[in-house]
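K.L.:
Using the sequences and the hints, build the whole thing.
Count along the sequence shown from 1, add 259, and you get the number used in my numbering.
Since the hints were made in silico from the structure, they are not lab data.
Any given hint might turn out to be false.
Listed next, with one range per pair, are the computed distances between beta-carbon atoms [stated by the list, open to error]:
1) L301 / E325: 18 to 26 Å
2) L448 / R296: 29 to 37 Å
3) R402 / R314: 14 to 22 Å
4) S294 / D449: 34 to 42 Å
5) H392 / S437: 18 to 26 Å
6) P280 / P429: 35 to 43 Å
7) P280 / S437: 30 to 38 Å
8) R292 / A427: 29 to 37 Å
9) D400 / S294: 35 to 43 Å
10) A322 / G295: 18 to 26 Å
11) A397 / R292: 32 to 40 Å
12) G293 / D449: 35 to 43 Å
13) E297 / A436: 15 to 23 Å
14) S294 / T422: 33 to 41 Å
Glycine included, every Cβ here is placed at the ideal spot set by N, Cα and C.
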Amino acid sequence: MNDEELQRAYLRAAPQAPIGPHPDPERIADLVRGSGREADRLALLEHVMRCPACRRELDLLRAANEGARAADTSRFPVRWMAFAAAAVLVIGVTSVFLSRTRTPVAPDVYRGQRPALTLVEPHAGSTVAQPVHLAWQAVADARTYHIELLSEHGDMIAAWNTTDTALAIPDSVRLTASQSYDVWVRATLDDRTDVSSPIVRFSVK
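P.N.:
Structure follows, in structure tokens:
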């Protein structure tokens with residue numbers, strides 16, 4: 260089975276709903292910090308990108324983490340800012356835990372077979388030259404496509420919205436040679452439901 264046949268087989272088998280159970284907030288916090296095995300982080304990131312509830316948690320914890328980083332360079336005493344950053348992170352994790360225990364998220368219900376969405380370019384594991392061109396399969400009844408470019412640790416680098424099925428990453432987004440990046444696409448349909456592609460990891464020359 261060649262790569263193209265393998266990709267088609269994966270698309271037929273891959274679910275469009277979030278993969279696996281919701282992870283604990285501590286695991287999402289580890290994703291923000293970039294700790295743990297790369298394979299585990301990639302699998303967790305794929306679930307988070309497909310799950311609106313977990314995506315909100317990732318954004319909350321990422322904001323708390325960025326606040327902690329900003330504290331390191333501020334003019335306030337280092338010990339006080341470290342304490343404040345840790346408090347923000349604890350509050351974020353606690354809020355995530357309470358929101359999950361108090362407001363369970365009902366799974367999305369779809370009628371009929373949900374359409375598939377996949378990136379055609381770049382291929383998973385490929386090394387591409389700059390400028391990087393992205394392309395994906397068109398989805399019937401899609402109003403817009405939302406594309407996100409992430410670091411290998413899950414940090415947001417850039418995002419775009421388009422009605423086309425291709426996009427060239429602009430020169431203003433500086434990509435580092437030999438560095439890995441993740442990209443995924445989400446289509447918003449006429450009935451206001453979303454279809455997300457699997458996350459594709461690639462590197463640049």
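K.L.:
Could you run down the list of hints and mark each one as holding or not?
P.N.:
Hints versus structure:
The hint said 18 to 26 Å for the Cβ distance between L301 and E325, and at roughly 22 Å that hint holds. Range check, L448 to R296: about 35 Å between beta-carbon atoms, so the 29 to 37 Å window is met. A beta carbon spacing of about 20 Å between R402 and R314 agrees with the range 14 to 22 Å that was offered as a hint. Between S294 and D449, the C-beta spacing of about 41 Å keeps the proposed range 34 to 42 Å intact.
At about 19 Å, the beta-carbon gap between H392 and S437 stays in the expected band of 18 to 26 Å. A hinted range of 35 to 43 Å holds for the C-beta pair P280 and P429, which are about 38 Å apart. One distance hint, 30 to 38 Å for the beta-carbon pair P280 and S437, holds here, with the actual separation near 35 Å. As the Cβ distance of R292 to A427 is approximately 32 Å, the hint placing it in 29 to 37 Å holds.
Checking the proposed 35 to 43 Å range against D400 and S294 shows it holds: the Cβ atoms sit about 40 Å from each other. Checked against the given bound of 18 to 26 Å, the beta carbons of A322 and G295, roughly 21 Å apart, stay inside it. A397 and R292 have their C-beta atoms about 37 Å apart, which keeps the hinted 32 to 40 Å range intact. Under the hint 35 to 43 Å, the C-beta atoms of G293 and D449, about 38 Å apart, fit the expected range.
Distance hint for E297 and A436: a CB-CB separation of about 19 Å, consistent with the stated range 15 to 23 Å. Hint check: S294 to T422, Cβ distance near 38 Å, so the stated range 33 to 41 Å holds.
Figure legend: structure checked against the earlier numbered hints; every hint is met.
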